[in-house]
Amino acid sequence: MANTSTLVVTLAAPAALLAGWPAGAIDDVLDDDDRAHGERLRFDADRAEARASRLLQRLALSHAVGDAVAPAAWRFEAAPGGRPRVSAPRQLPAGLAFSVANTRGLVGCAVWTGPGATDAALGFDLEAIPAVVPAEVLPRCFTVAEIVALRELLPDAQPARFAAMWTIKEAYLKARGLGLAAPLDRFAVGFGADDDERGAPTLVIDPELDDDGGRWRVVAWREAGAGAIDHAAALCLAEGAAALVPVVRWLSPGATACAGPGG
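Whatever position you read off the sequence shown (first residue = 1), add 84 for our numbering.
Do not rely on the hints blindly, as some may be mistaken.
[Unchecked claim] Derived Cβ-Cβ restraints for the label pairs, each shown as a range:
id, residue 1, residue 2, range
1, Phe127, Asp290, 33 to 39 Å
2, Gln175, Ala109, 23 to 29 Å
3, Ser336, Ala162, 28 to 34 Å
4, Gly298, Arg119, 39 to 45 Å
No lab work stands behind these hints: they were computed from the structure.
Predicted model, so just to flag it, every value in this text is computed and none were measured.
Glycine is no exception: its CB is placed at the ideal position from the N, C-alpha and C atoms.
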């Protein structure tokens, strides 16, 4: 890996990605843990999404290291909080961090390479934008201020804002290694005066979580997905990652490397 730092977000539509590969070829890339993870899921759609997510994770990491590691050679273990981390190969130079996400219609992997790269400063999440806001989720997962701000928006704007806030919260939890057991109502997402999810969101964090929202840079955007589904995407970045400009790449069906922005 070069001495310069990069942050690349690789995305793919699960069905399109899998359709471009013969089933046997995918099995040659995935390992037993990948396959077991998918088999534990009940529905075919969820199993396919998990399979695509594990495949894309390997392809994105191999691309990040200049294909010095074959996609099938990666091995992973669970870090505290449940997020995956690389366990092999161990000969990798310092400076590789990643965060993965999957949701209905979209899978993704954010990879930071370069000096100082650490999982503790990178979190990434995706969420399909719902047709309506699930009201029952709000009191459990959002602060009073967040709920008030959400309800002040026009009804048509609320689902996208809800998904944006949700992805930012999950991206933060992933970066901190806290998992979903963390108190979601102990930190809040704020937006600029333009009241637009494409603005520069900020984090306000309760002192009980032993963190300062000012050290985090939040990058949130909207991605068009397969069919009529759009998605919210978010990165939470700290330390060296906070100064990086993310590059978004779409993986073309059947590809073994990234296709390039919009490709």
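We went through each hint and held it up to the structure:
The hinted window of 33 to 39 Å between Phe127 and Asp290 holds, with their beta carbons roughly 36 Å apart. The hinted range of 23 to 29 Å is satisfied by Gln175 and Ala109, whose Cβ atoms lie roughly 26 Å apart. For the pair Ser336 and Ala162, the beta carbons lie near 30 Å from each other, so the given range of 28 to 34 Å is met. For Gly298 and Arg119, the hinted distance range of 39 to 45 Å is satisfied, since their beta carbons lie about 43 Å from each other.
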